[in-house]
Amino acid sequence: MTIKLLRFPSLALFKILESMPSTDKVLISFCSSKMKRLMRMVKWYVSKMQYVSNRFQTHIFLGSPIFDYGGLFVIQEVNEFTENSRTYREEEFGLQYGLSADTIEGKTATVVQVLKREQSSSKWVFHDLIIDLFRNPPVIEYEVDSDCDLSNIYINETVRNMRLSGGDANASYAERYFSTAMDLHGAVVTPLIRPQLLIDSKLTTAKYLYLEHAFYNTWTLALHFNGHRAVFNYSIFDEQIVAGIINKWKCNEGFQNLQTLEIYSSHIIPDFHINEIGNHFGARPFDGLRRPENFKEEHWVMDVHFKPMECANFLDIVRESDGKVASFLLTTSMFKFCVWN
Amino acid sequence: MSVENAPVVDVDEAAIPVEKKMYYRFESNDKKEFRVSELAIQQSETLNRLVEAMGYTSEDVENKPAIAIENIDGKTLKLVFQWCEHHKGEAIPVDDGSVPKIVEIPEFDAKLMDIDNGLLFKLIWAADYLNIVQLLNVSCKKVANMAQGKTPAQLRRVYLLPSDEEDEAAKRAAQEAQDPRAREVEEEFEERKRQGGNSFF
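If you're matching them up, the sequences are chains E and H in order. Under UniProt numbering, the first residue of the first sequence carries the number 1, and numbering increases by one thereafter. Under UniProt numbering, the first residue of the second sequence carries the number 1, and numbering increases by one thereafter.
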């Protein structure tokens, strides 16, 4: 059954194209230059392009606020295309892709086979073929397992948010992975990274940083963090780090962009001298005339929620050089620090 | 065709408020006549404005000729009015430019559109011309669904999409049809190039 798509009135043509899931939108753009031009004109409703890689394959989610407008490509490396796939030859470089349909969790996905001998170029060309269709490119995000071979993973340098998943990760592996980003907006790290990361780690440049198993990495990353918000879970930290952070901020030697910093200990620290730290920095109780009661901003990065913070029971400190106010809360298991603008 | 012989479009009488119980007569381009309730007409912005502008009374509807819809045939118009009668009184979706709602095809619409693609093509043209927003939405969704699980080669076949080469050939043919001298000039130019001439003039 056939139908002449390009003979429809323009309103209908655009409705048809816009109501397709984004995988179909991409594939129809492969049909001709005219279709590519047309697909650049339609609305996509795609807000992010998320790569999720494990040792075996890469998923590319085209994420939409409305699920039906999204789509999923599954990239597989093969020695030769399987029989059920149809070959698509891209024109500029002559690269070939084996395309077939699959169903994953009840939703249609498009499997894209790339030949191992040209997998590297095939992946970046495929990425560009998609990105080229957007007038306003979506946010690019990556999630990579810690046991992947990074040389087999295509990571576009315009990536904005990155997540490292899986079991324990090597520090140089993590560094290499996150350093791919030119401008790292959000970084989420779930595995324990060891040996300890260095003070010039790429992670210190992320605007939003979340470490699920921070351990000793809190020592370096928290002290040298240069972004807006950071959360360090399962941290090993002591008074020295807390004092170091407060002192660095008070002396205006760092944390120029900081909004909030949260450190949660992996265990109770019984010998924390909470009052002494407060006294040392001239901390004062909350004053409604000095700053708001709560830090209200919230932000999401790759399913991690940087939550608003209730700061009424925080102690306030003032930076003498510019009169700026920060607040902190220190208990035997956590340290929260918040800078007010 | 007389009013008595006009195709009957199923009408749910009980659903029509008493004061709105007025029917209009329309005629397709192949002279098929239809009686359609006023409430059903409201689904079509074009027809709604037309009947409003005409200011017909009930007597006018019976005495004056049926309103001609000259570019839609009877088979297509029957589907259009069946759809309008079934969905009469329903709110008309408004496109505010934000992310649109997902279009679900209701069972009635799916059955109505269980037709060959030629007729579906005409139905979409009719929905567009008559400005029936929701009919256009569901019929376009049906065409969009044809893409599911298809490779580019299959999409080209289903949607009869010309390749770049075919587009180029069609463009050349159109240019030549417009200017029969163009080909002669081009051939002469090619000939001179073969002979080693630097300039055409």
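No wet-lab data here; the hints were simulated from the structure. Mixed in with the good hints there might be a few duds.
Straight-line alpha carbon distances no greater than 16 Å define the calculated EDC-like cross-link-like pairs of lysine to aspartate or glutamate that follow [claimed, not checked]:
1. 78/H - 116/H
2. 101/H - 68/E
3. 36/E - 114/H
4. 101/H - 114/H
5. 34/E - 166/H
6. 207/E - 297/E
7. 31/H - 95/H
8. 34/E - 27/H
9. 78/H - 27/H
10. 4/E - 166/H
11. 36/E - 165/H
12. 64/H - 27/H
13. 116/E - 149/E
14. 34/E - 168/H
15. 78/H - 52/H
16. 34/E - 70/H
17. 101/H - 18/E
18. 324/E - 253/E
19. 34/E - 164/H
20. 43/E - 68/E
21. 43/E - 116/H
22. 21/H - 73/H
23. 141/H - 18/E
24. 324/E - 298/E
25. 32/H - 70/H
26. 150/H - 310/E
27. 296/E - 310/E
28. 4/E - 95/H
29. 141/H - 310/E
30. 36/E - 59/H
31. 75/H - 38/H
32. 250/E - 322/E
33. 43/E - 27/H
34. 4/E - 116/H
35. 36/E - 18/E
Source: prediction; values computed, not measured.
So, going through the hints one by one against the coordinates:
Restraint check for residue 78/H and residue 116/H: satisfied, since their Cα atoms lie roughly 15 Å apart, inside the 16 Å limit. Annotation: proposed proximity of residue 101/H to residue 68/E holds, straight-line Cα distance about 10 Å (limit 16 Å). Taking the CA atoms of residue 36/E and residue 114/H, the gap is about 30 Å. The hint is violated against a cut of 16 Å. Of the supplied pair hints, the one linking residue 101/H and residue 114/H is violated, its CA atoms being roughly 23 Å apart against a limit of 16 Å.
At roughly 11 Å between alpha-carbon atoms, residue 34/E and residue 166/H fall within 16 Å of each other, so this suggested pair holds. As the CA atoms of residue 207/E and residue 297/E are separated by approximately 14 Å, the hinted pair is consistent with the 16 Å bound. Distance check on the hinted pair: residue 31/H and residue 95/H sit about 34 Å apart at the alpha-carbon level, beyond 16 Å; violated. The suggested pairing of residue 34/E with residue 27/H is violated, with an alpha-carbon distance near 38 Å, which exceeds 16 Å.
The hinted pair formed by residue 78/H and residue 27/H meets the criterion: a straight-line CA distance of about 10 Å does not exceed 16 Å. Pair hint residue 4/E plus residue 166/H holds up; C-alpha atoms about 15 Å apart against a cutoff of 16 Å. Taking the CA atoms of residue 36/E and residue 165/H, the gap is near 15 Å; set against the 16 Å cutoff, the hint holds. With a CA separation close to 12 Å, the supplied pair residue 64/H and residue 27/H stays within the 16 Å bound.
Using a Cα cut-off of 16 Å, the hinted pair residue 116/E and residue 149/E holds, with the two alpha carbons roughly 14 Å apart. Only pairs whose Cα atoms come within 16 Å are accepted, and residue 34/E paired with residue 168/H is accepted, the gap being roughly 11 Å. Proposed proximity of residue 78/H and residue 52/H is contradicted: the alpha carbons are some 22 Å apart, above 16 Å. Straight-line distance between C-alpha atoms of residue 34/E and residue 70/H comes to about 32 Å, which puts the hinted pair past the 16 Å bound.
A threshold of 16 Å between alpha carbons decides the hint, and for residue 101/H with residue 18/E the separation of about 12 Å falls inside it, so the pair holds. Taking the CA atoms of residue 324/E and residue 253/E, the gap is near 14 Å; set against the 16 Å cutoff, the hint holds. At roughly 8 Å between alpha-carbon atoms, residue 34/E and residue 164/H fall within 16 Å of each other, so this suggested pair holds. About 14 Å separates the Cα atoms of residue 43/E and residue 68/E, which keeps this hinted pair within 16 Å; it holds.
Restraint check for residue 43/E and residue 116/H: the C-alpha separation of about 29 Å exceeds 16 Å, so the hint is violated. A C-alpha spacing of about 26 Å is found between residue 21/H and residue 73/H, which places the hinted pair above 16 Å, so the restraint is violated. At most 16 Å may separate the alpha-carbon atoms for a hinted pair to count; residue 141/H and residue 18/E meet this at roughly 9 Å. Straight-line distance between C-alpha atoms of residue 324/E and residue 298/E comes to about 21 Å, which puts the hinted pair past the 16 Å bound.
In summary, the hint linking residue 32/H to residue 70/H is supported, as the alpha carbons are separated by about 11 Å, within the 16 Å threshold. Note on residue 150/H and residue 310/E: the hinted pairing is violated, with a Cα-Cα distance of about 52 Å set against a maximum of 16 Å. With a C-alpha separation of about 8 Å, the suggested pairing of residue 296/E with residue 310/E holds against the 16 Å cut-off. The hinted pair formed by residue 4/E and residue 95/H fails the criterion: a straight-line CA distance of about 25 Å is larger than 16 Å.
Proposed proximity of residue 141/H and residue 310/E is contradicted: the alpha carbons are some 47 Å apart, above 16 Å. For the hint linking residue 36/E to residue 59/H, the alpha-carbon distance of about 55 Å lies beyond 16 Å, and the restraint is violated. Distance restraint check for residue 75/H and residue 38/H: the Cα-Cα separation of roughly 21 Å exceeds the 16 Å cut-off, and the hinted pair is therefore not satisfied. The hinted pair formed by residue 250/E and residue 322/E meets the criterion: a straight-line CA distance of about 10 Å does not exceed 16 Å.
Proximity of residue 43/E to residue 27/H is assessed by CA-CA distance (about 37 Å); at most 16 Å being required, the pair is judged violated. A hinted pair counts as satisfied when its Cα atoms are at most 16 Å apart, and residue 4/E with residue 116/H qualifies at roughly 13 Å. Only pairs whose Cα atoms come within 16 Å are accepted, and residue 36/E paired with residue 18/E is accepted, the gap being roughly 14 Å.
Hint compliance for this structure: hints 3, 4, 7, 8, 15, 16, 21, 22, 24, 26, 28, 29, 30, 31 and 33 are broken, all remaining hints hold.
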